[in-house]
Every structure is written in C-alpha cells, then in structure tokens.
Amino acid sequence: MKRNPCDIRNLIILAALAGPLVPARGDEPPVPTFTDVTEKAGIKVKLSFGDQELSNIVEGTGSGCLFFDYDNDGKLDIYIVNGRYRPDVNDNTGRRLKGKLTNYLYHNDGDGTFTDVTKKAGVTGGDAYGVACSAADYDGDGFVDLLVLNYGPNVLYHNNGDGTFTDVSKKSGLDAPGFWSLSGVWFDYNGDGKLDLFVATYLEYDGGKFRNFYPAAGYPGPLSYPGQADRLFRNNGDGTFTDVTQEAGVFNKEGRGMSATAADFLNSGKLDLYVANDAMESYFFRNLGGGKFSSDGLTMGLAFGEGGQGVSSMGPVFGDVDRDGKLDLYIPDMGYGCLHVNKGEFFEDQTNASGLALICGQYTGWGAILQDFDNDGWLDLFVANGDAHHEYGEGAVMAHNAGKGKFVDVANRSGPYFAQKFVGRGAAWGDFDNDGDIDILVINLGDSPRLLRNDGGNTLNHWLTIDARGPGGKTPAIGARISVKAGELSQVDDLVPVRGYLSQGDPRPHFGLGKAAQAERVEIRWPDGRTTVLTDVPANQILKVEQPSR
Numbered sequence: 001m002k003r004n005p006c007d008i009r010n011l012i013i014l015a016a017l018a019g020p021l022v023p024a025r026g027d028e029p030p031v032p033t034f035t036d037v038t039e040k041a042g043i044k045v046k047l048s049f050g051d052q053e054l055s056n057i058v059e060g061t062g063s064g065c066l067f068f069d070y071d072n073d074g075k076l077d078i079y080i081v082n083g084r085y086r087p088d089v090n091d092n093t094g095r096r097l098k099g100k101l102t103n104y105l106y107h108n109d110g111d112g113t114f115t116d117v118t119k120k121a122g123v124t125g126g127d128a129y130g131v132a133c134s135a136a137d138y139d140g141d142g143f144v145d146l147l148v149l150n151y152g153p154n155v156l157y158h159n160n161g162d163g164t165f166t167d168v169s170k171k172s173g174l175d176a177p178g179f180w181s182l183s184g185v186w187f188d189y190n191g192d193g194k195l196d197l198f199v200a201t202y203l204e205y206d207g208g209k210f211r212n213f214y215p216a217a218g219y220p221g222p223l224s225y226p227g228q229a230d231r232l233f234r235n236n237g238d239g240t241f242t243d244v245t246q247e248a249g250v251f252n253k254e255g256r257g258m259s260a261t262a263a264d265f266l267n268s269g270k271l272d273l274y275v276a277n278d279a280m281e282s283y284f285f286r287n288l289g290g291g292k293f294s295s296d297g298l299t300m301g302l303a304f305g306e307g308g309q310g311v312s313s314m315g316p317v318f319g320d321v322d323r324d325g326k327l328d329l330y331i332p333d334m335g336y337g338c339l340h341v342n343k344g345e346f347f348e349d350q351t352n353a354s355g356l357a358l359i360c361g362q363y364t365g366w367g368a369i370l371q372d373f374d375n376d377g378w379l380d381l382f383v384a385n386g387d388a389h390h391e392y393g394e395g396a397v398m399a400h401n402a403g404k405g406k407f408v409d410v411a412n413r414s415g416p417y418f419a420q421k422f423v424g425r426g427a428a429w430g431d432f433d434n435d436g437d438i439d440i441l442v443i444n445l446g447d448s449p450r451l452l453r454n455d456g457g458n459t460l461n462h463w464l465t466i467d468a469r470g471p472g473g474k475t476p477a478i479g480a481r482i483s484v485k486a487g488e489l490s491q492v493d494d495l496v497p498v499r500g501y502l503s504q505g506d507p508r509p510h511f512g513l514g515k516a517a518q519a520e521r522v523e524i525r526w527p528d529g530r531t532t533v534l535t536d537v538p539a540n541q542i543l544k545v546e547q548p549s550r
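Residue numbers for the sequence shown follow my numbering, beginning at 1 and rising by one.
Just so you know, these hints were derived from the structure itself, not from any lab. Here a beta-carbon is modelled for each residue, glycine too, at the ideal position from N, C-alpha and C. Honestly, I wouldn't trust all of these hints.
[Said to hold, decoys possible] Quick list of simulated restraints, FRET-style, between CB atoms:
#: 1; residue 1: 523; residue 2: 141; range: 46 to 54 angstroms
#: 2; residue 1: 162; residue 2: 392; range: 32 to 40 angstroms
#: 3; residue 1: 215; residue 2: 348; range: 21 to 29 angstroms
#: 4; residue 1: 164; residue 2: 550; range: 27 to 35 angstroms
#: 5; residue 1: 229; residue 2: 549; range: 55 to 63 angstroms
#: 6; residue 1: 39; residue 2: 346; range: 41 to 49 angstroms
#: 7; residue 1: 29; residue 2: 111; range: 25 to 33 angstroms
#: 8; residue 1: 533; residue 2: 111; range: 34 to 42 angstroms
#: 9; residue 1: 485; residue 2: 215; range: 54 to 62 angstroms
#: 10; residue 1: 549; residue 2: 29; range: 42 to 50 angstroms
[To be verified] Here are the simulated DSBU-like cross-link-like pairs (lysine-lysine), alpha carbons at most 30 angstroms apart as the crow flies:
#: 11; residue 1: 171; residue 2: 194
#: 12; residue 1: 209; residue 2: 98
#: 13; residue 1: 343; residue 2: 421
#: 14; residue 1: 326; residue 2: 119
#: 15; residue 1: 100; residue 2: 119
#: 16; residue 1: 75; residue 2: 343
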C-alpha cells in the first residue's frame, strides 16, 4: 500500500512507496496496476444526463472533469460536471430529477480522501446542463478560476481566494448564449501576457424535431443538425473579454467541435490550435504571431484520418510519442483513432503502424490520456470507451509505449477496472497523491465517476514533475515549454492542461526518467519567451520553479 506523500510545503517532494507491480511474463514489460479508490476517496455520486435512457445527441455527448488546485495548498482538487433535467432535452420520465442534479467540487484532504465542498464554494453550476470544464487564473490575482461549459450559456466562476467563487459570466462576456460549448482552451494567443480563451462549440440541436433516422441507431447523428462556429475571446485585462474570432482568422461558419487543445506544434515559440470536429474535417490553426492564425489543417495532414474520411473525432491529446522533440497528436474516434506523428512540415498518420488501430479498433473512443504511467520515458495511452447511442459499456484501453513507434495492449494486466465495461466519456490525469505517478479520473455516462490510483508507477523508474509557476509563484504558467534531458532521454511538453475530451488534466508536466537518478538539464521557456535553465536536478521530486518578474 502507499504511504502518505511528503510535505507539499517542500519544493522537493520525494516519491512514496507504491503498491505491487504486475510481473512481466516473457518479454512483456512490467506495468503498474490501477486501483479503483473512488468510494474510499469519498467520491460517492452517480452522474446523470437528466433522463432514464439515452434519447438524443445532447444526452449522449456526456460530460467531463478536471484536476486543479483551487486553494493553492499544493494538492489537486477535482471538479466534475453533471447533466440536468431540461424539458427541451430530456424525456418526461426525467422530471423526477428536476432540481436534484448538480456539478461537484471535491477538496483534496491530503490523506487519500476528498470532501464535497460544492455548495460551500458556490460552484453547483445552477440549472445549466453541464458538459465540460477548464480552469485558469484569467485575471492574474494568484487564484485559479473555473469555467463551466454548458448546453446553453457558459458559467465563469471567479475564485475569491477564500474557498468560494463568484459567478461573473455576464460581466465577463463569456456566457455565450445560444451556443453549445464543449471545450474551453486558455492560452495567450497574442503574446500580451494575458490568458485568452478559445471555445469549441458543437451544433444546433433542435429539441428532438428531426426524426428522419434509422431507429436502431437510437437517435439522429451530428450531420442531422447545423454546426456552430467556434469562438476566440481576447482577454481585455479588466475582467472582460472580446470576441475576436474573425479578425484572428479562426472563424468557420459550421464546425462541429468536440474538443480542442493548443500547443507549440511547430516549435516556433507560439501556441497553435487544434480542433477535433465530429463527422467532418478537423481544424489546425497555425499561429502566425501578432494575433493572427492561418487554417492549415489540410496541408499539415491533420484534417482527416488515414483513409481520408471525416471521422467522429473526440478529445485530442498531444505529447512527444516518439521522443524526437516534436509534439504529436492522438485523437480517439468511433473507428480506430488517429495517431498523427509530427514530421516538422507535416503530420503522418501512424495509427496502423503503431499498433493502435488493432488495439482501439473494437471500441468507441472518447476521453484519451497520453502520459507516462510507468515512468520509463515513453508516453503511454489510456482511452475511455463506450457506445455513442446506447448505454452499452465497453472496456477501457491501456496501451504501453514500447518505443520504436509501437504500442502494446496491457489492459488485461493493469487492474480490475480494465476487466469491466463502462459507457466512458471524459477523462483527466493527475498525480492527486503527489507520489510521482500519474492517476486517472474517468467520467462514465449514467454511472459513478472512477478515480483510479496508479500503484507501482513510481517504483518501476525515476521521475520528475515540474511545477512551473507564473510571476508570484501562485498559479501555473500556462504556455510554458518544458524540456528535460536525462541520460539518453530527451523529452518536451507544453504546459497546456486542456487536452482530451471535455476535460483538463494536471497542470504540472510530468516526466519519466527511466533509470536516470537525475536530469542533467531542465529548460523552461516561459510564456514571455525568456528561459530558465537548471542543471543536475535530482529525480523523484515535484520541483516548483517560478517565472522571473519582468
């Protein structure tokens, strides 16, 4: 069993002892197991889409979650988004749920348990039909704020710094009435030092009027409805935002955005945008600087899957899968998924060559996590799966990155959770117990969320977590590029925690170091372009580094 993590007040947090590993058989790699600690942790809720059974695309889209440290105590807290009963969405049998559904904020107590502080904090979500969430310190006051994306107007909660939040949605201009938002990516698109927001929106649901569909499918699919244009909001620095979608060059009249993310994919020092769309081409927006983007999805090889078809893309995650210094993309879908490997001037689809087509092809993928679960220096893949139109459960994917561009299916050795079937949707990653290995939070449709503790990832290999903070040291330096060199391992990651489906993960980039007891070099390129270089950094610690003031 795990021991309690070391005191977070130290800048260096040593790894705690972990649980047993699953031994390798023959040439199979040893892998950590994941233990379902949901009930033990005090997370005892059942999520709902506001109805008794799936009957439309709003209900089937599901919801997401996030890890974030809202009270600056060094421990990751949890926010979970939930649906609502709405007469224009749900069947009449869902009326008994009216006024009874809420979102959930769980405070991390530091001993493996969480306390429900939703009402005390004032972040229930009200009557809004919750879908997704993200968090960032948009006003630079040193406390992370919370954005809830809904079917209907979005809600922005300002963090008051005393454990409570205030709804500032209308004042900020981010309530976005008339839109169905599925993703909110915080990043500084124009280099002015303030966090802006890109909102991926889905489609215009008609309340169930359209009925010309194949009945066995359960309900009409996304092409039965008009799409909606995504929106980019510029942070004005006074608590308000301005819609700059068209002038920035990211306007498309009818996208069907399932989720989005941002990263420096082209190693230009600027954050680009990727939007995964449903049943149509996906978008890649190259950051040209000066607050302008160009739409280069087709020329970069990111608009479609390997077969050229517009697949049902879900939640995009990025990471340097082949460790060549360039960030790659994985997008789950209703087929085989898409692994787009970054070749510099274009991306190459290596879904089949990597073995992921065979591993994922039998499932309907939604929430993906691309992280190094065993700390060997190679990014592994988790995918939450579940039927799109019915409450038919599917097993989750756990694929070990064996290097040389190959993944190996290790789900049957990764713990009892992977032997069960769920209707998975959103998923988030985070080291909630600060012991040096990555844990998982999964949202399951019409069921309880699942908190999966990584048991053994920190005893297989060494690790290093970089807690890169902005000036003042209170909140994550979103947009920073982290590079780590340890022996023959060279790794990069961008501090943009909004990745995956409807969700956001740990804002502290995590690096497996393999057998290396230290990192010879850690370089942080801060959002303003300046760099901090650290040498001979001991392994097995959470290292807090603060961005220098101007």
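Hints, one by one, checked against the model:
no. : hint                          : in the structure
1   : 523 x 141: 46 to 54 angstroms : 28 angstroms, violated
2   : 162 x 392: 32 to 40 angstroms : 45 angstroms, violated
3   : 215 x 348: 21 to 29 angstroms : 40 angstroms, violated
4   : 164 x 550: 27 to 35 angstroms : 31 angstroms, holds
5   : 229 x 549: 55 to 63 angstroms : 38 angstroms, violated
6   : 39 x 346: 41 to 49 angstroms  : 47 angstroms, holds
7   : 29 x 111: 25 to 33 angstroms  : 32 angstroms, holds
8   : 533 x 111: 34 to 42 angstroms : 37 angstroms, holds
9   : 485 x 215: 54 to 62 angstroms : 58 angstroms, holds
10  : 549 x 29: 42 to 50 angstroms  : 45 angstroms, holds
11  : 171 x 194                     : 18 angstroms, holds
12  : 209 x 98                      : 22 angstroms, holds
13  : 343 x 421                     : 36 angstroms, violated
14  : 326 x 119                     : 43 angstroms, violated
15  : 100 x 119                     : 13 angstroms, holds
16  : 75 x 343                      : 37 angstroms, violated
Of the hints listed earlier, those the structure fails to meet are numbers 1, 2, 3, 5, 13, 14 and 16, in rising order.
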